[in-house]
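A.B. asks: The residues making up each chain are set out below.
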Amino acid sequence: MSRTPLDTVEHAAATPDVELPWAELGLKKDEYERVVEILGRRPTGAELAMYSVMWSEHCSYKSSKVHLRQFGEKAPQSDALLVGIGENAGVVDVGQGYAVTFKVESHNHPSYVEPYQGAATGVGGIVRDIIAMGARPVAVVDPLRFGAADHPDTKRVLPGVVAGIGGYGNCLGLPNIGGEVVFDACYQGNPLVNAGAIGVMRHEDIHLAKASGAGNKVILYGARTGGDGIGGASILASETFDDAKPSKRPAVQVGDPFQEKLLIECTLEAFKEKLVVGIQDLGAAGLSCATSELASNGSGGMRVTLDDVPLRDSTLSPEEILMSESQERMCAVVEPDKVDRFLEICDKWDVIATVIGEVTDGDRLEIFWHGGKIVDVDPRTVAHDGPVYERPYARPEWQDALQADDANKLPRPETSEELREQVLKLVASPNQASKSWITSQYDHFVQGNTVLAQPEDSGMIRVDEESGLGVAIATDGNGRYAKLDPYHGAQLALAEAYRNVATTGAKPLAVSDCLNFGSPEDPAVMWQFAEAVRGLADACQQLGTPVTGGNVSLYNQTGEVAIHPTPVVAVLGVIDDVARRTPVAFQEEGQLLYLLGDTREEFGGSAWSQVVHDHLGGLPPQVDLERERLLAEILISASRDGMIDSAHDLSDGGLIQAVVESALLGGKGARLIVPDGLDAFTFLLSESAGRAVVAVPRSEEVRFNDMCGARGLPVTRIGVVDGDTVDIQGEFTLTLEELRTAHEGTIPALLA
Amino acid sequence: MTARIGVVTFPGSLDDRDTQRAIRLAGAEPVALWHKDKDLHQVDAVVLCGGFSYGDYLRAGAIARFSPVMETLIEQAKAGLPVLGICNGFQILTEAHLLPGTMLRNDHLHFICRDQKLRVENAETSWTTDYTAGQEIHIPLKNNDGQYVADEYTLDKLEAEGRVAFRYLDFNPNGSQRDIAGVTNEAGNVVGLMPHPEHAVEPLIGTGRTDGLPFFTSILKKLVNA
Numbered sequence: 005m006s007r008t009p010l011d012t013v014e015h016a017a018a019t020p021d022v023e024l025p026w027a028e029l030g031l032k033k034d035e036y037e038r039v040v041e042i043l044g045r046r047p048t049g050a051e052l053a054m055y056s057v058m059w060s061e062h063c064s065y066k067s068s069k070v071h072l073r074q075f076g077e078k079a080p081q082s083d084a085l086l087v088g089i090g091e092n093a094g095v096v097d098v099g100q101g102y103a104v105t106f107k108v109e110s111h112n113h114p115s116y117v118e119p120y121q122g123a124a125t126g127v128g129g130i131v132r133d134i135i136a137m138g139a140r141p142v143a144v145v146d147p148l149r150f151g152a153a154d155h156p157d158t159k160r161v162l163p164g165v166v167a168g169i170g171g172y173g174n175c176l177g178l179p180n181i182g183g184e185v186v187f188d189a190c191y192q193g194n195p196l197v198n199a200g201a202i203g204v205m206r207h208e209d210i211h212l213a214k215a216s217g218a219g220n221k222v223i224l225y226g227a228r229t230g231g232d233g234i235g236g237a238s239i240l241a242s243e244t245f246d247d248a249k250p251s252k253r254p255a256v257q258v259g260d261p262f263q264e265k266l267l268i269e270c271t272l273e274a275f276k277e278k279l280v281v282g283i284q285d286l287g288a289a290g291l292s293c294a295t296s297e298l299a300s301n302g303s304g305g306m307r308v309t310l311d312d313v314p315l316r317d318s319t320l321s322p323e324e325i326l327m328s329e330s331q332e333r334m335c336a337v338v339e340p341d342k343v344d345r346f347l348e349i350c351d352k353w354d355v356i357a358t359v360i361g362e363v364t365d366g367d368r369l370e371i372f373w374h375g376g377k378i379v380d381v382d383p384r385t386v387a388h389d390g391p392v393y394e395r396p397y398a399r400p401e402w403q404d405a406l407q408a409d410d411a412n413k414l415p416r417p418e419t420s421e422e423l424r425e426q427v428l429k430l431v432a433s434p435n436q437a438s439k440s441w442i443t444s445q446y447d448h449f450v451q452g453n454t455v456l457a458q459p460e461d462s463g464m465i466r467v468d469e470e471s472g473l474g475v476a477i478a479t480d481g482n483g484r485y486a487k488l489d490p491y492h493g494a495q496l497a498l499a500e501a502y503r504n505v506a507t508t509g510a511k512p513l514a515v516s517d518c519l520n521f522g523s524p525e526d527p528a529v530m531w532q533f534a535e536a537v538r539g540l541a542d543a544c545q546q547l548g549t550p551v552t553g554g555n556v557s558l559y560n561q562t563g564e565v566a567i568h569p570t571p572v573v574a575v576l577g578v579i580d581d582v583a584r585r586t587p588v589a590f591q592e593e594g595q596l597l598y599l600l601g602d603t604r605e606e607f608g609g610s611a612w613s614q615v616v617h618d619h620l621g622g623l624p625p626q627v628d629l630e631r632e633r634l635l636a637e638i639l640i641s642a643s644r645d646g647m648i649d650s651a652h653d654l655s656d657g658g659l660i661q662a663v664v665e666s667a668l669l670g671g672k673g674a675r676l677i678v679p680d681g682l683d684a685f686t687f688l689l690s691e692s693a694g695r696a697v698v699a700v701p702r703s704e705e706v707r708f709n710d711m712c713g714a715r716g717l718p719v720t721r722i723g724v725v726d727g728d729t730v731d732i733q734g735e736f737t738l739t740l741e742e743l744r745t746a747h748e749g750t751i752p753a754l755l756a
Numbered sequence: 064m065t066a067r068i069g070v071v072t073f074p075g076s077l078d079d080r081d082t083q084r085a086i087r088l089a090g091a092e093p094v095a096l097w098h099k100d101k102d103l104h105q106v107d108a109v110v111l112c113g114g115f116s117y118g119d120y121l122r123a124g125a126i127a128r129f130s131p132v133m134e135t136l137i138e139q140a141k142a143g144l145p146v147l148g149i150c151n152g153f154q155i156l157t158e159a160h161l162l163p164g165t166m167l168r169n170d171h172l173h174f175i176c177r178d179q180k181l182r183v184e185n186a187e188t189s190w191t192t193d194y195t196a197g198q199e200i201h202i203p204l205k206n207n208d209g210q211y212v213a214d215e216y217t218l219d220k221l222e223a224e225g226r227v228a229f230r231y232l233d234f235n236p237n238g239s240q241r242d243i244a245g246v247t248n249e250a251g252n253v254v255g256l257m258p259h260p261e262h263a264v265e266p267l268i269g270t271g272r273t274d275g276l277p278f279f280t281s282i283l284k285k286l287v288n289a
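Chains as they are written, first to last, in this note's numbering: chain A, 5 to 756; chain B, 64 to 289.
Don't read these hints as lab results, they were simulated from the structure. You can take every hint at face value.
Listed next, with one range per pair, are the computed distances between beta-carbon atoms:
id, chain 1, residue 1, chain 2, residue 2, range
1, B, Ala142, A, Asp728, 52 to 60 Å
2, A, Ala756, B, Leu232, 19 to 27 Å
3, B, Leu232, A, Glu418, 43 to 51 Å
4, B, Phe234, A, His207, 40 to 48 Å
5, A, Asp728, B, Gly197, 22 to 30 Å
Not the full set, but computed from the structure, chain B residues with beta-carbon under 7 Å of chain A:
id, residue
6, Pro74
7, Arg84
8, Phe115
9, Gly118
10, His173
11, Phe174
12, Ile175
13, Cys176
14, Arg177
15, Pro203
16, Lys205
17, His262
Result set (DSS-like, lysine-lysine): computed pairs, CA atoms no more than 25 Å apart in a straight line:
id, chain 1, residue 1, chain 2, residue 2
18, A, Lys342, A, Lys352
19, B, Lys101, A, Lys352
20, B, Lys141, B, Lys284
21, B, Lys99, A, Lys342
22, A, Lys69, A, Lys32
23, B, Lys99, A, Lys276
24, B, Lys99, A, Lys352
25, A, Lys159, A, Lys429
26, A, Lys66, A, Lys32
Small disclaimer: the values here were computed from a predicted structure and weren't measured. Backbone N, C-alpha and C define an ideal beta-carbon position, used for all residues, glycine too.
The following block holds chain A by itself, in its conformation from the complex (with noise of 0.2 Å):
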């Protein structure tokens, strides 16, 4: 077996010539070009390994970015904000000299392929992300979206990306609080599996992904790297450098949540100790990441020596190691004097840890291999300078038709009779049907801090056992609404995660995303990411709240057909007494219930329109962003005054379906009366957002209806809980019985 030479530095410049894969790498040839042009020579194989994976879409937004800046640019004034966008995630001051870290990020195309591992490993390196900022995981939430219910492609997907998010987040002890389930056709061949997790820690325990004081040493630890998760380096490995190993690599990562857990309790043990001076986890795009952001972070250069890492696979190739996206792995710089303590905590945890390089007083990244220099690159042009496209972008013929289709004209129900099987139907479709023979399957009660878990509005966990203070977390997104009009679909995402964290009694304070969508390359899918972006960033603006971070997810489509574009938005909001929190079930019977906000007869992208008519066409419902931040400020007021007992936000399926929630959770009827001015079937299905519905005890009646008042919020009294029966007056009566039969039936019959 002969081995081509080493393809160092100097190789690489005495011969010119050499052919390089770049465009099976994925390159464009504009790219390759460029990095010909930066290094004033052809790349080693090994620099164009790291910068084929760093230039990518996946890690360099290079479609993206021209439109992400606007989360800078609008960015509101928050006292709030201690990191913002950039880092590995966004943190924020809750207080009380807490900070909080949370991000949401996709793992949409690996778990298409595998859904097991494809989600665990989602869950894997969202957690990583905030290990890496110096804080404790207390949280995840799950926001997912599959195919049609009843494709049998989704009985494929769907349990297994739920067993792999449970498998891996169970397993490390995690609550999982939050989420959501999607089910929508579009989504067929295209799940979205998005993952978010919080993360708790000192003021003064923040750390950076950042390479400073030379002399310092690059620790990497956690598992061993082998050949799983290279994306296209097989490509390097088998036609260009050496063609007698094994070829097929599985392109999806495989998660180790044990491997993990010890990763989280040992990193955090170094920090206790103030050991690290500099911090990345290895994700996408593994060492190659982590060594360019590190360096082009910090103040100096980094030298690695690539022979010191631990292998799974003696044979992997110096390309092959700097493109692995083995799991459970992250890098550590670390003073020389602190490393013996460093590696001491690793091996209390049976972790693996080793010495890989240091940092210089240079400028330059280079990386090391059986004596040659096989790296001598600016990490600065790795990490940060790619490719930045001003991609085309168009509104799409097809969008006025779209939104000349007017939902509101569809045929309404024309009796009670119809309108009650209508509900029933609603209540019990995928959908509107309740989640818990998925959430089930996750832990909510590990840590022993979770106030509150799905099905409620937000998820809610305590940081302070003395004060009472905790965090509250909402994801939401429509496509929907989205795909109807971009621009307020990106913004009716915010606001209902927005209301759904006051609804909890949590103030809303900052926000991150995942931005779902098609290919770039489509002029129509391109102008809805730009809408939803400039939607977005508009909002956050208005109601105050900065976006920290988030993560772009593009390509989600099948040949020429996209997904409905679909902005994933997480609200953090943060509540001085978790005492004080509001659930969604009903408490009390006699307890009066309000209407707050506005109904108009909105019904374009609705949930109704969907169940009933298999239709999506007109406007999604409007915006008023000043009015979100109203009835937040009255929520959370009547949270926290002791108002309130009980309160549920009002989005897809309107207030029916609301109410039918609060009812089943707290095994509690309701009567509701239809209110003047308004027909039953708008008073119940009507999706108009800005909304939710409140029980108020009769002692707090008067109070109540004061400070709405004095506050200028509309707010109807429409009922009051009561017996084993949701009765709209004068129109039908659903017994609890019938309802349960229905909401909690549905999901196990088509998965279980």
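With chain A held as given, fit chain B onto it using these hints.
C.D. replies: Just chain B now, with coordinates in the frame of chain A:
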């Protein structure tokens, strides 16, 4: 005077800090014990908490059972040291043969997390005296491998000797034989169960119930009065 109750952390233990909190809320002093340390540091009782020790690799509890700390613990449990095994802790106790039977994967093959209704069948163990026999309580359950099995002879013997400590009520969440949720050894000092009493000790948190607190007050009273 209060009692010192140890909580062992194995690699992969998850509920160690929660269990320490529950011990503290009951009024006892929690003591962190480390799996590599044979020394139990003179604790008066030990809780083996929930989690996935050693990733549940091989079999839940099968590797943890051979940890250095278990050497001492097995010896002292046989001599009367009160030990409570919760979930993974219960699995470790059966692997260590301190309790009979074993746990298989849930019969429906899914992880399950729910607020579970139980009946306290034996209110005379070291960990259950603050309950009354027959009392119905709600305790969160969350596991993958919770199906309790034993041979018929053992099951009959357990029932005859009153050693079925807890039974699932209304719904058997994992296919456990005879709805068994927890058992005790003959002496009543070693108790194991799948549900998580340490997650039911504070109003507002988790399910908002405090039905699990008597586990920790029972042992505290026993130790303080001893």
